[in-house]
Amino acid sequence: MTIQFNDETFRDDYSFRNSPWAIKRFPFPFHEDSYMYSVNMEQHRGGPAGSVFEKRFDVDEHYISEMRDRAIVLAEDPLRCQSLPHMTLAGWDLLELIMVSKSEDYPDLFQLYRDGNRWRWVNKPLGIDDSFTFMDETTLPHGPMEYITRQTQGDFAVLDQRDDNLWMDAGMITTQADWSLDFDIGMNFFEWHAPVPLAHEMGIFKRALKFLMNVQQGAPARRLNWTMTVNPLLDTSPENYHKWGIQKTELTAENIGAKQHLRVELQTFYRLPRSNALVFPIRCYLIAFQDLVTMPKWGRRLHRVIRDLPEELATYKGFIANRPLMLEYLSRFDDGLPTSPGVWADLETEPPLQK
Amino acid sequence: MSKFQFPQSIASRPVYGTLAPRPGKAHLMMADAEGAEALLDLAAQAGARDSGLMAKAHILYLPRQTGEAFVDRLRALNPAQFYVGPSFDAALPRLRRVLSDAHMGLQVYLAGTEGLIGRAAAELAAAGIPVGSVQTEHRGSVARRMQCVHCKGITEDVITDPFVCAHCGLNLFVRDHYSRRLAAFQGVCIDAEDPGNVPEPVELYR
Ligand code: HEM
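Chains as they are written, first to last, in the numbering used here: chain U, 2 to 356; chain Z, 432 to 637.
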């Protein structure tokens, strides 16, 4: 299908909207009526046609506007994109992975022509047609990681693998759930996860690291993570928290359906060929509560998950103060009926709301 | 002086040990304020074993508010080289010079405040000194070196939570999340969701 790209904003007037298509394919993260941290990783080998899992790097209607938002963030704060000196090779690996994947998965939008090291990259949605020499930084307007991730939705952490650990030594981080690349760069897997409650004690990070260190080239993996965001604000950075934090207090019973968003991250893991680095794309999807509850199963389930979520998680995710308001709203969409297993909305088989 | 026991914390927060003499071709010792006491204890242990440690030692000492209290006693250890400096920044060129021709087998001993230990450790890491040859011991003030996550400015010797960023003036709360690269803990705006509502500062660990 051809994608109709939206002209929208993720700040100020927040004109971001999801079309019915985007709502239907939203990556709802809960496969049952409750949620707790787990080592929830699986192979990333596509998914149902049209789903966000189908392609290696999903492109959707928000593409152009998200790239515009990223450019604004970088202009205000260049520290959101950093790469330690030994990570340049991994940057080229990443550029190649994305260009090859996108040109194969979306040939009408992206094209890659290669003649030895002389490459030409055509990005139709963004109006880019650049020729450059692969592995020669002087032929690109930015470093290779920055160049390609300015054209790809989602954040990117690039991890060096050494000393039996992963090290966050490069990244493009402008749509983050309240963590700072500038602070975390150079940390290892356990250090950057240090603020997360409960999961360390549950042994989750030890097992997750073991899994990640064994991810092989050509066999990527994925998992979902989620949090809550008031207004469709992509840049919920700690850097700007003193500016956006106040928006969390502007939620009311009247505006919550439109203002409160479930924020889901599709996280994937790819081994890179030359550098042996691991790249960790973190793709953020936002959906307003009022859109989410148009899927009866999702409305029922989200109410139950939020109601029963351990206090530590609601606090860490930053919505403990707004939980009562959320439950008041969401309870209207929970009639107590059972829900089918799995994340899919099952619109044809799940009963409509009985109240 | 008794040593402060830091409470259990998160995985990014450094932990400190007790300095012990190790065999090595050269010994670099850096300390500030009461950190001198850890070096004196170290030298006493080494002396008891007659290891010749101090004859191969280079001490960089920053007395700070302790003034002359420990200087003569450190000098009396007869280190091969002894430097007394007014601040970490003043000592930095000398430290880098020393590290520029550090050889395999160099042993490093850091003692004193978290700020001193953290900054020196970051220099050592940048110079490629293996972590396995670096020992640390906390002594003296429990003040922290804090980075403001908003303006990126560093405030030294923070002793209360919350505190005021010395650069941008925001009221910040003190996190345990720690960056070795920056040698700093993270400070985050405390009244973002309720502007002006800043709790009374409380001394750390009280
Ligand atoms: C190597 C790739 C990964 C990177 C770069 C990464 C990065 C991060 C970062 C920066 C945070 C925020 C920590 C903070 O509060 O400052 C986080 C949170 C978290 N990570 Fe990871 N992570 C990775 C892989 C994983 C994996 C494989 C798991 C598997 C279980 C995992 C589980 C979590 C959990 C449970 C949280 C808390 C999220 C929440 O409650 O909202 N991470 N991660």
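Because the hints were derived from the structure by calculation, they are not lab data. It is possible that part of the hints are untrue.
Unchecked claim - To list a few chain U residues with every Cβ distance to chain Z over 12 angstroms, as calculated:
hint, residue
1, Lys25
2, Ala178
3, Gly258
4, Arg333
5, Asp347
Said to hold, decoys possible - FRET-style restraints, in silico, Cβ to Cβ:
hint, chain 1, residue 1, chain 2, residue 2, range
6, Z, Ala574, U, Ala220, 45 to 53 angstroms
7, U, Asp164, Z, Lys456, 20 to 28 angstroms
8, U, Pro49, Z, Tyr636, 50 to 58 angstroms
9, Z, Pro561, U, Glu43, 47 to 55 angstroms
As the list claims (entries may be wrong) - Straight line, CA to CA, 20 angstroms or less: simulated SDA-like cross-link-like pairs of lysine to any residue:
hint, chain 1, residue 1, chain 2, residue 2
10, U, Lys244, Z, Val502
11, U, Lys244, Z, Glu624
12, U, Lys260, Z, Ala623
13, Z, Lys583, U, Ala76
14, U, Lys318, Z, His598
15, Z, Lys583, U, Lys318
16, U, Lys318, Z, Ile621
C-beta atoms are modelled at their ideal positions from N, C-alpha and C, and glycine is treated no differently.
Can you name, in rising order, the numbers of the hints this structure does not satisfy? The structure breaks hints 9, 10, 14 and 15; every other hint is satisfied.
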